[in-house]
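Engineer: Okay, here's what each chain looks like letter by letter:
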Amino acid sequence: MSSLTMTDEQISATRAKVIQPVWVRVMHWTNAVAMILMILSGWQIYNASPLFGFSFPREYTLGGWLGGGLLWHFAAMWLLMVNGLAYLVTGFATGRFRKKLLPITPSGVLHDVRAALTFKLGHDDLTVYNYVQRLLYAGIIVVGVLIVLSGLSMWKPVQLYYLVMLFGDYPTARYVHFFCMAAICAFLVIHVLLALLVPKSLRAMIIGR
Amino acid sequence: MAKRSFLIPGVDKRLLIKDSLKTMPDLTRRRFIAGGASLGALTLLTGCDVVDSSSAEEMLKSVSKFNDAVQAFIFNPDALAPTFPESAITKPFPFNAYYDLDDAPDVDGDDWKLEVRGLVDNKKSWTLKELYQLPQVTQITRHICVEGWSAIGSWTGTPLRDFLRLIGADTRAKYVWFQCADKDGYNSPLDMRTALHPQTQMTFKYANEILPRAYGFPMKIRVPTKLGFKNPKYVVSMEVTNDYKGGYWEDQGYNSFSGS
Numbered sequence: 001m002s003s004l005t006m007t008d009e010q011i012s013a014t015r016a017k018v019i020q021p022v023w024v025r026v027m028h029w030t031n032a033v034a035m036i037l038m039i040l041s042g043w044q045i046y047n048a049s050p051l052f053g054f055s056f057p058r059e060y061t062l063g064g065w066l067g068g069g070l071l072w073h074f075a076a077m078w079l080l081m082v083n084g085l086a087y088l089v090t091g092f093a094t095g096r097f098r099k100k101l102l103p104i105t106p107s108g109v110l111h112d113v114r115a116a117l118t119f120k121l122g123h124d125d126l127t128v129y130n131y132v133q134r135l136l137y138a139g140i141i142v143v144g145v146l147i148v149l150s151g152l153s154m155w156k157p158v159q160l161y162y163l164v165m166l167f168g169d170y171p172t173a174r175y176v177h178f179f180c181m182a183a184i185c186a187f188l189v190i191h192v193l194l195a196l197l198v199p200k201s202l203r204a205m206i207i208g209r
Numbered sequence: 001m002a003k004r005s006f007l008i009p010g011v012d013k014r015l016l017i018k019d020s021l022k023t024m025p026d027l028t029r030r031r032f033i034a035g036g037a038s039l040g041a042l043t044l045l046t047g048c049d050v051v052d053s054s055s056a057e058e059m060l061k062s063v064s065k066f067n068d069a070v071q072a073f074i075f076n077p078d079a080l081a082p083t084f085p086e087s088a089i090t091k092p093f094p095f096n097a098y099y100d101l102d103d104a105p106d107v108d109g110d111d112w113k114l115e116v117r118g119l120v121d122n123k124k125s126w127t128l129k130e131l132y133q134l135p136q137v138t139q140i141t142r143h144i145c146v147e148g149w150s151a152i153g154s155w156t157g158t159p160l161r162d163f164l165r166l167i168g169a170d171t172r173a174k175y176v177w178f179q180c181a182d183k184d185g186y187n188s189p190l191d192m193r194t195a196l197h198p199q200t201q202m203t204f205k206y207a208n209e210i211l212p213r214a215y216g217f218p219m220k221i222r223v224p225t226k227l228g229f230k231n232p233k234y235v236v237s238m239e240v241t242n243d244y245k246g247g248y249w250e251d252q253g254y255n256s257f258s259g260s
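Protein chains in written order, with this note's numbering: chain A, 1 to 209; chain B, 1 to 260.
Okay, chain A solo, but in the shape it has when bound:
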């Protein structure tokens, strides 16, 4: 029977091994789906009136035409916002942000960037984020907040006028929204690449340990 029963120490040892708690995993993957829907439908909307001298390839857009893209964008936004808000509240309330992402010191970031570029940055303990990770994860949360705020300003420029004022005016909010998307895409590329290079981090985000 000993194999079926656990002592208190064993239980706490098992718990300690959990790298990503279940709420982080659920919200991470929900966010992943919402984010991809938002990006692909956002590209469709961008194509209707491009800000720069290029359009996104049709195969990487969602909705078929502007109207379809808008329907997807304004549906997926609820998933993104509700999930994102729950993530922020839980992250602050549980102290996870403080424990995992702070402190971020310039010397620490500099040291870890150098180590990363010379392939000397270890990932032995996945429960502790290095300074590059802390900076990127904290930074992408800020970008996430900015893209939602600039998006809301474009959606309701009269009703949420004070939000538009935060960015200057409506056209500026559009540019902010675009550059936040670009930052998220850049993050996504690095993030996915590193997750594939360190597969146990991907495993931790799926099964928790």
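Treat the hints with care, as some may be off.
With a cut-off of at most 30 Å between alpha-carbon atoms, the simulated DSS-like pairs for lysine-lysine come out as follows [unchecked claim]: (1) 120/A with 17/A; (2) 200/A with 100/A; (3) 245/B with 156/A; (4) 156/A with 91/B; (5) 205/B with 174/B; (6) 91/B with 183/B; (7) 99/A with 200/A; (8) 156/A with 61/B; (9) 113/B with 129/B; (10) 129/B with 205/B; (11) 17/A with 156/A; (12) 156/A with 205/B; (13) 156/A with 129/B; (14) 129/B with 183/B; (15) 65/B with 124/B; (16) 123/B with 156/A; (17) 61/B with 245/B; (18) 120/A with 100/A.
Quick caveat, the hints were computed from the structure, so don't treat them as lab data. Nothing here was measured: the structure is a model prediction, and the numbers come from that model.
Please build the complex by placing chain B on the supplied structure of chain A, with the hints as guidance.
Structural biologist: The following block gives chain B in isolation, referenced to the frame of chain A:
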């Protein structure tokens, strides 16, 4: 290689084509489905077919209706669209439609009459001369297109709410529905609370000049709290009604409230 015939003997070719056309989705549905086909990447990523197009469409339609309700809820009838100095006006102000300027309605101002229908006390039609007699105000506001671009313009005309009072409209009705002279029959419903917004205007002038053909002569409805497509041009009639009668773009999938 011999040519293979796919025709079945005894079947009328024309009837066959007619029947097969019936099973094809209409144009708006085709647009959605074309979009669904480009979703291979998403299907791969999520491992599930999110683009089973008819159920996805139904879901998107329900969310759009939900968004109508959310927007009606957060719509503040006293919140004014920001106004700008004359120096901020976009020059030239863009002409925008689903057709070229050459195909824009060329309305004869002397023949034109604004028809008034539905839940109103006085259903008399209005000539342009009569409408020009009504008190007018000017607003310099930002026009925001559903496509994302925006432009600042100067519009002069009569507040719609003053006109609705003048004709004894039942302002408890849900919509004011506009019919336009555009080809293919443009129309658009406006919710009553927005119709009664102080900045919603029956516009007769652009930049202090009689509204040019490009911007909707003889009358446009300027609604700075809505996206551009809910600012109908070349208006020929308005109907005060409780029925949702749809609209040119609304029926194709643009969100119906589309408030700013």
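Engineer: Against this structure, judge whether each hint is valid.
Structural biologist: Against the structure, the hints:
The suggested pairing of residue 120/A with residue 17/A holds, with an alpha-carbon distance near 24 Å, which does not exceed 30 Å. Of the pairs offered as hints, the one joining residue 200/A and residue 100/A holds, with about 18 Å between alpha carbons and a cut-off of 30 Å not exceeded. Taken as a hint, the residue 245/B and residue 156/A pair is honoured in the structure, with Cα atoms around 25 Å apart against an allowance of 30 Å. Annotation: proposed proximity of residue 156/A to residue 91/B holds, straight-line Cα distance about 25 Å (limit 30 Å).
For the suggested pair residue 205/B and residue 174/B, the alpha carbons sit about 28 Å apart, so the restraint of at most 30 Å is met. Under the criterion of a C-alpha separation no larger than 30 Å, the hint pairing residue 91/B with residue 183/B is consistent with the structure, at around 27 Å. Between residue 99/A and residue 200/A, the direct Cα distance comes to roughly 21 Å. Compliance with the 30 Å bound is thereby established for this hinted pair. Taken as a hint, the residue 156/A and residue 61/B pair is honoured in the structure, with Cα atoms around 20 Å apart against an allowance of 30 Å.
Under the criterion of a C-alpha separation no larger than 30 Å, the hint pairing residue 113/B with residue 129/B is consistent with the structure, at around 10 Å. Among the hinted pairs, residue 129/B with residue 205/B is consistent with the structure: their alpha-carbon atoms are about 13 Å apart, no more than 30 Å. At most 30 Å may separate the alpha-carbon atoms for a hinted pair to count; residue 17/A and residue 156/A exceed this at roughly 45 Å. Pair hint residue 156/A plus residue 205/B holds up; C-alpha atoms about 27 Å apart against a cutoff of 30 Å.
For the hint linking residue 156/A to residue 129/B, the alpha-carbon distance of about 37 Å lies beyond 30 Å, and the restraint is violated. For the given pair, residue 129/B sits about 25 Å from residue 183/B by alpha-carbon distance, which is consistent with the 30 Å threshold. Straight-line distance between C-alpha atoms of residue 65/B and residue 124/B comes to about 35 Å, which puts the hinted pair past the 30 Å bound. The suggested pairing of residue 123/B with residue 156/A is violated, with an alpha-carbon distance near 35 Å, which exceeds 30 Å.
Straight-line distance between C-alpha atoms of residue 61/B and residue 245/B comes to about 16 Å, which keeps the hinted pair within the 30 Å bound. Distance check on the hinted pair: residue 120/A and residue 100/A sit about 21 Å apart at the alpha-carbon level, within 30 Å; holds.
The structure does not agree with the numbered hints 11, 13, 15, 16 stated previously, though it agrees with the rest.
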